[in-house]
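Since the structure of chain U is already known, use the hints to place chain X on it.
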Amino acid sequence: MRLSPLIPTVLRNMFKKPATNLFPATEPVPVPDNFRGQLKYNVDKCVGCRMCVTVCPAGVFVFLPEIRKVALWTARCVYCSQCVDVCPTAALQMSDEFLLASYNNYDDKFIPLKPEKVEEIKKKLEEQKKAKAAPAAKKAAEKKEAGKEAKK
Amino acid sequence: MDVMANIVYPVAGLIGLYAFVSLASLVWEGIDRKLVARMQRRVGPPLLQPLYDFFKLASKETIIPNTANFMFRAAPILALATAIALLAYTPMGFAPLLASKGDVIVFIYLLTLIGFFKILGGISSGSPYAKIGAAREAAIMVSREPAMMLALFAILWRLGKLRVNKPFSMEVFYQYNIWEIGTPLSLVGAVILLYVFVIWLASEIEVGYFNIPDAEEEIAEGLLAEYSGRYLALLKLTKALKTYIAASLVVAIFFPWGIADYFNLTGLPANVVNLLFHTLKVFILLFAVQSVFRATTGRLKITQAVGFLWKNVFLASLIGALLIAMEVIM
Chain U
1 MRLSPLIPTV LRNMFKKPAT NLFPATEPVP VPDNFRGQLK YNVDKCVGCR
51 MCVTVCPAGV FVFLPEIRKV ALWTARCVYC SQCVDVCPTA ALQMSDEFLL
101 ASYNNYDDKF IPLKPEKVEE IKKKLEEQKK AKAAPAAKKA AEKKEAGKEA
151 KK
Chain X
1001 MDVMANIVYP VAGLIGLYAF VSLASLVWEG IDRKLVARMQ RRVGPPLLQP
1051 LYDFFKLASK ETIIPNTANF MFRAAPILAL ATAIALLAYT PMGFAPLLAS
1101 KGDVIVFIYL LTLIGFFKIL GGISSGSPYA KIGAAREAAI MVSREPAMML
1151 ALFAILWRLG KLRVNKPFSM EVFYQYNIWE IGTPLSLVGA VILLYVFVIW
1201 LASEIEVGYF NIPDAEEEIA EGLLAEYSGR YLALLKLTKA LKTYIAASLV
1251 VAIFFPWGIA DYFNLTGLPA NVVNLLFHTL KVFILLFAVQ SVFRATTGRL
1301 KITQAVGFLW KNVFLASLIG ALLIAMEVIM
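Which chain is which? The protein sequence lines are U and X, in order.
Take the first sequence: its position 73, counting from 1, is numbered 73 in the numbering used here, and each next residue is one higher.
Take the second sequence: its position 295, counting from 1, is numbered 1295 in the numbering used here, and each next residue is one higher.
Derived by calculation from the structure, the hints in this document are not laboratory data.
A virtual CB, placed ideally from N, CA and C, is assigned to each residue, including glycine.
Treat the hints with care, as some may be off.
As the list claims (entries may be wrong) - Reference listing, derived: stretches of chain X covered by chain U, where coverage requires no fewer than 3 residues with Cβ under 8 Å from a Cβ of chain U:
1. 1032 to 1041
2. 1290 to 1304
Said to hold, decoys possible - Label-pair ranges, simulated between beta-carbon atoms:
3. 68/U / 1052/X: 53 to 59 Å
4. 1052/X / 26/U: 22 to 28 Å
5. 99/U / 1109/X: 55 to 61 Å
6. 1128/X / 7/U: 35 to 41 Å
7. 104/U / 1303/X: 49 to 55 Å
8. 1272/X / 107/U: 57 to 63 Å
9. 1287/X / 25/U: 23 to 29 Å
10. 31/U / 1259/X: 54 to 60 Å
11. 1061/X / 68/U: 52 to 58 Å
For reference, chain X alone in the conformation it holds in the complex:
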């Protein structure tokens, strides 16, 4: 029985989530492309275009450069594996499959590790374009994470004060949320942190201002310059999964409400309904952060982006975190 509860159910759940999320995130990419096309008064590709692209890439010849070393081939697989493992720690309308005390560290670690594997693959290709992309990705990665970490830890610490049984777990968001603290200061702090998380999400999925490491027009797709065929398909899928996961985090922190309770559902049906509702919320959030942002802004220079993330976003994160913490401290 213990084996069932501890191993079999989580594994089945992870496989199910993986199947669902990879489909949902690729479909979202199709919706995104369609929406941006409509914003520019074009018709756009069919909704399932990213799926066709995936299968086409997977069926194409994979070219390995002479200058590439072993990590060039391992990195896409490791990146996708990390993304799949991350699904077990992602709140998706219900508590994560492997929720435990302090799993927020694992979440942040795995989320950053995906970017790290991308960098590793890029610098292993031997192409100077990919190396420029890798340097940019590294610069933007170290600039964007502190703001998110500060905000996330402040929120989790504040919610931990409300007597939760698993502090610093992603599960906490489904017991209490940031709007329930209720003091005026914390509400202002929450709005500021929402801004921080929205910018973080945009820089995590590299759209609009932050489309810097993969800049097609400048450095020939940057990190992905040398990738082709199956490995490119894996990296594209990883990117789609990461988009969904990062947006899931923001949705879980700021909009964690489920609808299963209104229908008096429990158990598996409740989870499925909440997952679908969560997906809808993720799509709405991504519409604002990805589609509109992508359609209306160009990219910054890497120096501007780093400056923006430190001087603006990190500062906002600091202020928001202090406001959230204020009544506990004083």
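Chain U with its partners taken away, still in its complex shape:
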């Protein structure tokens, strides 16, 4: 029987340090610069152009016409980064986060734009509309008054 040629290697390895990263005890292996981590959504920058909805292969985005924003659920994301490339206002960005294990598929961290926030934006928009509408109504009323007075 020939002895295995691996024996010297194996015995030498025994006196070397293990070439592993003891993750929970230490930091994880650092990520590269252009790493595709979890998708981050900046609601304020979003102009509701629907480009991300068109380009997303996994169906992460749902367009909300009332507020002209997108709702997204990143648990479905395939990290292709196409929405980031296509977004004209850079409202979508890839982050460095990759420790995303969760007990719950609908965890808050997978839903950047929550329904409460949507309601809030909707209310704000309505207020703005009212605020815009209020001076116009006043003007209209004033005009009416003026007309009435002119008649007199």
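Below, chain X alone, put in the same frame as chain U:
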């Protein structure tokens, strides 16, 4: 008094040995896993991992397949019982507890019986994977034992010529050993037989080349395919005990020297010191035969393994035995 010497002391000794050996063999398994991990530049599990595994398996739900018959449940218990009984006949740095004339036959019989019970459990499970594993185990079992038996009987017969009071007993190794015969032919024969026993040990504990009946990657753990929970825990413990016992045999034949005499110890302390030293020797032997062998080689096919054991190992055993016997015959 007779009752004390013949029944109570051996039983107490057997229980003590069982406790010690099951702990030592499981710890060795942990050391082995750690060493192989370091050889592959990994960190490896903690040393007591096999103990945790044992307790975890013992606490898990045991599933009995619908197709299993009665022997499926009896085999693991019988296998462990055989291994425990075998401890009474195993030389462990001192003469076996129940050493008597010709107990080598009992030793070989019980050692083979463990494998036989494993086969019985496998074929009783009704799983075709386990049946393939059982067929392989049977093939390798009949191929490996003749080489060992020939070598062991030749050595015991040769040592019996030196006027021992219990010929063909495991005790003989602690009176004379194979290196003391001293003729050049017998030394060469002893080295050849050492090779035979090392290969036999590797095939007995099924590592490296001989990891065939339990091949996880091919036949889904073979014999153990259907075992779970408590029965799997028993079989794993049996395997650990068997590893220790088989290595003990090789250590007793080739490296039987104790250290108790240097410290002028007698009685129980001498036995304890010799047992610990014996355990150290077993670990060193198993490091060479189990850890290094496992880390550096893959498995053979069953046909290759059978061919290797008959054409190479059995032949070496024949030559070694003849060399050992030479000056007595001529």
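Do the hints match the structure? See the list:
Check result for the stretch 1032 to 1041 of chain X against chain U: holds, 6 residues qualifying (beta carbon to beta carbon below 8 Å, three or more required). Counting residues of the stretch 1290 to 1304 of chain X whose C-beta lies closer than 8 Å to any C-beta of chain U gives 4; at least three are required, and the coverage claim holds. Against the hinted window of 53 to 59 Å, the Cβ-Cβ separation of residue 68/U and residue 1052/X comes to about 57 Å, which satisfies the hint. The hint said 22 to 28 Å for the Cβ distance between residue 1052/X and residue 26/U, and at roughly 23 Å that hint holds.
Range check, residue 99/U to residue 1109/X: about 57 Å between beta-carbon atoms, so the 55 to 61 Å window is met. Distance hint check: the CB atoms of residue 1128/X and residue 7/U are about 37 Å apart, consistent with the given range 35 to 41 Å. The supplied range of 49 to 55 Å is met by residue 104/U and residue 1303/X, whose beta-carbon atoms lie about 53 Å from each other. In this structure, residue 1272/X and residue 107/U meet the distance hint of 57 to 63 Å, their C-beta atoms being roughly 58 Å apart.
The given range of 23 to 29 Å is respected by residue 1287/X and residue 25/U, whose C-beta atoms sit roughly 28 Å from each other. In this structure the hint that residue 31/U and residue 1259/X lie 54 to 60 Å apart at CB holds, the actual value being about 56 Å. Remark: the range hint 52 to 58 Å for residue 1061/X to residue 68/U is upheld by a beta-carbon distance near 55 Å.
Consistency with the previously given hints is maintained throughout, with no hint failing.
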